[in-house]
Structure formats: structure tokens, C-alpha cells
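> Sequence:
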Amino acid sequence: MKLLTLSELKHHSNLLLELSYPSRELEYALMILKELDEIGVDGIYVEVERDGELLKLGKGYRGIVFKGRMGGEDVALKVLRTDSTLSDLFKEAENTKFANSVGIGAKLRASNKHVMVLEYIDGVDLDTWLKELEIREVQPLKKVLASCFRQARTLDEIGLDHGELSDAKRHIILRRDLSPVIIDFGKASKRRRPSNVTSLFSYVTFGRHSNKIL
0 MKLLTLSELK HHSNLLLELS YPSRELEYAL MILKELDEIG VDGIYVEVER
50 DGELLKLGKG YRGIVFKGRM GGEDVALKVL RTDSTLSDLF KEAENTKFAN
100 SVGIGAKLRA SNKHVMVLEY IDGVDLDTWL KELEIREVQP LKKVLASCFR
150 QARTLDEIGL DHGELSDAKR HIILRRDLSP VIIDFGKASK RRRPSNVTSL
200 FSYVTFGRHS NKIL
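Final position of the sequence shown in numbering that gives the first Met the number 0 is 213; the numbers increase by one with none missing.
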């Protein structure tokens, strides 16, 4: 893994086009590069062992997330997909910032129309952690779930519905100290009646690891 500055990335066409997913349009990729530069991103990491692909942290229906660097820190760079039904990431950035105001979610560092810079969470997704968890490890499980439900309740109290916690495996990451971080507020809404605790309870009760949890 190595860091490629934005100016260097501009001269590597194959890598540059990865910013325009899935269409690989040069015009869109250059626009994203400009937006990243405008908000102070220093560069994006490249996976040397994978023929030099940009290091991807995740991929969803609305965006693709790369690992980057800004202000001396590793960050997560969310870029709007070219085939997304959304025209911008303004609403997601606003909802992420709202969640951050009560200490929830990866911290929003900066944002623009088509990109978001978020705190990089070094950890493992909840689904993977539960899969590898031993049945006898009751206390760590209690600690993690208690924190998840506290955060879900806080979101309910401030009136922000995450919208996807019934599929929590993709939306909760555990840090190395097992503190959970709720991510991806792309479908979050202040207009819907919040049901974060109910949604999380549904995941715990009916999810693929419910037998181990219960």
C-alpha cells in the first residue's frame, strides 16, 4: 500500500478513472479529483499488491469509499457513484454532521457536492465480528450490543432515523477496542418517525447470527 498524491493520480489514467464508478468517465473523474483537492485531500492509497488499484474500503448503491489522507490523518473518502439516483451528497453530509453532534458516527471532516471526507475507522464490521465470536465470549457481546442500542436510542431521541439498521452488519464497524461506530447515513431522515432501536432489535432477533446472540 502506498499513498498517491492527487497531482500524481491525475497522471495515472487507469487509477483516475476508478473515481468514476462504474462508468469510468474521464470528465466525472476529473471533477471528483477537483472536489477532493478543493476540500484539502492530500492523496489516495493504492493497493500495490493488486496491480495498483485504488484502495477501496467499501462499495454501496450510492457511493464507493476509498482510503485517503488529509491533514496528516488517514480518512475515508466517499464518492458518489455515476449511476446513483442521487444528484449530490449534501443530505448525507448534513445527517452525518447531525449524528456527530451527539457523538455518533464516523466524524465528517469535510464535504463537497459529490464527495465526503470521513474519519477512518480501523476495525471490523459487526457481521464479521459476530461470525468469529466464540459462544463463551458473553461479556464482549453484551458490551458491544449495549453500546449499539444506546447509540440507536440516542438517534431516536434526536429524531434521526438511520434507515438501515435492520441490516446492521453493513452499517456498524467495531474499533479495535470493540467500541461500535454506526456508519453510512445515506438513507437517514429527520422526516420519518425514528425506529433505530426497533430496527436494531430486528437485526439481533432475526439476523443471521441471532442464534449465537440469543
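Don't read these hints as lab results, they were simulated from the structure. Small disclaimer: the values here were computed from a predicted structure and weren't measured. Treat each hint with caution, since some may be false.
Label-pair ranges, simulated between beta-carbon atoms [what the hints assert, rightly or not]:
1) Gly51 <-> Leu25: 17 to 25 Å
2) Lys9 <-> Lys168: 35 to 43 Å
3) Gly57 <-> Arg175: 48 to 56 Å
4) Arg135 <-> Asp82: 40 to 48 Å
5) Ala145 <-> Phe205: 13 to 21 Å
6) Glu72 <-> Glu37: 30 to 38 Å
7) Arg175 <-> Lys9: 32 to 40 Å
8) Thr197 <-> Glu72: 17 to 25 Å
9) Lys189 <-> Thr84: 50 to 58 Å
10) Ser12 <-> Glu136: 44 to 52 Å
11) Asp176 <-> Ser22: 13 to 21 Å
12) Lys96 <-> Gly57: 32 to 40 Å
13) Lys168 <-> Asp87: 35 to 43 Å
Here are the simulated SDA-like pairs of lysine to any residue, each with C-alpha atoms no more than 20 Å apart in a straight line [what the hints assert, rightly or not]:
14) Lys186 <-> Ile134
15) Lys55 <-> Asp36
16) Lys142 <-> Arg174
17) Lys106 <-> Ile134
18) Lys112 <-> Glu52
19) Lys66 <-> Glu46
20) Lys168 <-> Tyr60
21) Lys168 <-> Ile134
22) Lys66 <-> Glu52
Positions of the beta carbon are idealized from the N, C-alpha and C atoms, including for glycine.
> If you check each hint against the structure, which ones fail?
The structure conflicts with hints 3, 6, 8, 9, 11, 12, 13, 14, 17, 18, although it agrees with all the remaining ones.
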